[in-house]
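The residues making up each chain are set out below.
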Amino acid sequence: GAVVSQHPSWVICKSGTSVKIECRSLDFQATTMFWYRQFPKQSLMLMATSNEGSKATYEQGVEKDKFLINHASLTLSTLTVTSAHPEDSSFYICSAREGGTTDTQYFGPGTRLTVL
Amino acid sequence: SQKIEQNSEALNIQEGKTATLTCNYTNYSPAYLQWYRQDPGRGPVFLLLIRENEKEKRKERLKVTFDTTLKQSLFHITASQPADSATYLCAPSDSWGKLQFGAGTQVVVTP
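Sequence order for the protein chains is W and F.
The numbering of the first sequence is this note's numbering, which starts it at 0 and goes up by one.
The numbering of the second sequence is this note's numbering, which starts it at 31 and goes up by one.
A portion of the hints provided could be inaccurate.
[As the list claims (entries may be wrong)] As a list, the in silico DSS-like pairs of lysine-lysine whose alpha-carbon atoms are at most 30 angstroms apart: (1) W/Lys63 x F/Lys93; (2) W/Lys13 x F/Lys33; (3) F/Lys47 x W/Lys40; (4) F/Lys128 x W/Lys65; (5) W/Lys13 x F/Lys89; (6) W/Lys63 x W/Lys40; (7) F/Lys87 x W/Lys40; (8) W/Lys65 x F/Lys93; (9) F/Lys93 x W/Lys40; (10) F/Lys33 x W/Lys54; (11) W/Lys40 x F/Lys89.
It is worth saying that the hints were derived from the structure and are not from the lab.
Predicted model only: the values in this text are computed from it and were never measured.
Make the full structure from the sequences, and use the hints.
Given below as structure tokens:
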């Protein structure tokens, strides 16, 4: 149980294009989903928190117009990196939490984004 | 500002021994704390969650302690195996579920 998937697992794109990453909770309904970014040899940094049906809450320093997050259903959240640049190249990881008395966050396998 | 510190140096340990990892936090009063395992190029895998009113939690060969006075959590892997080699992440959480991750400690178990 508690499986979270991400798609794609890796993507290479040209500078200036937009990339969409999907995060799905496969066997539970996620009231809250989180998006993280991880640079090589560094820890995970929270980018934003999204609750189903409402706007995402972004962490300080994360541009909400550049990283568009949509949490349209209890099993799907998407992150769109708009007008991507080489400095956006990173490992993007989502997590999902069932809510209620369950506090555990389950993570997806991550998406490696490379912007040329 | 809030700070989460884990041993930055890799922990090299012989198979069968117990690995002990430390997580210290400052300027923070987490409601609970989670430990994750991360393999290269993969997302973190949940291992254990311990709440602020719990002193110790066990799961198979894993044990975690939580001392809110010392602001410290210890993570133990007993009877370590080469398959336990990975980076282990400490992640305290506030009551809203927002995790803050430490940089992680790499564990290398040699046969």
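Going down the list of hints, with the structure as the test:
Restraint check for lysine 63 of chain W and lysine 93 of chain F: not satisfied, since their Cα atoms lie roughly 39 angstroms apart, outside the 30 angstroms limit. Taking the CA atoms of lysine 13 of chain W and lysine 33 of chain F, the gap is about 36 angstroms. The hint is violated against a cut of 30 angstroms. A threshold of 30 angstroms between alpha carbons decides the hint, and for lysine 47 of chain F with lysine 40 of chain W the separation of about 26 angstroms falls inside it, so the pair holds. At most 30 angstroms may separate the alpha-carbon atoms for a hinted pair to count; lysine 128 of chain F and lysine 65 of chain W meet this at roughly 22 angstroms.
Proximity of lysine 13 of chain W to lysine 89 of chain F is assessed by CA-CA distance (about 46 angstroms); at most 30 angstroms being required, the pair is judged violated. Distance check on the hinted pair: lysine 63 of chain W and lysine 40 of chain W sit about 25 angstroms apart at the alpha-carbon level, within 30 angstroms; holds. Distance check on the hinted pair: lysine 87 of chain F and lysine 40 of chain W sit about 29 angstroms apart at the alpha-carbon level, within 30 angstroms; holds. For the hint pairing lysine 65 of chain W with lysine 93 of chain F, the CA-to-CA distance comes to about 41 angstroms; that exceeds 30 angstroms, so the pair is violated.
Between lysine 93 of chain F and lysine 40 of chain W the CA atoms are separated by roughly 26 angstroms; this keeps the pair inside 30 angstroms, and the hint holds. The straight-line distance between the Cα atoms of lysine 33 of chain F and lysine 54 of chain W is roughly 28 angstroms, inside the 30 angstroms bound, and the hint therefore holds. Simply put, lysine 40 of chain W and lysine 89 of chain F have alpha-carbon atoms about 28 angstroms apart, close enough for the 30 angstroms limit, and the pair holds.
Comparing the model with each numbered hint stated earlier shows that hints 1, 2, 5, 8 do not hold.
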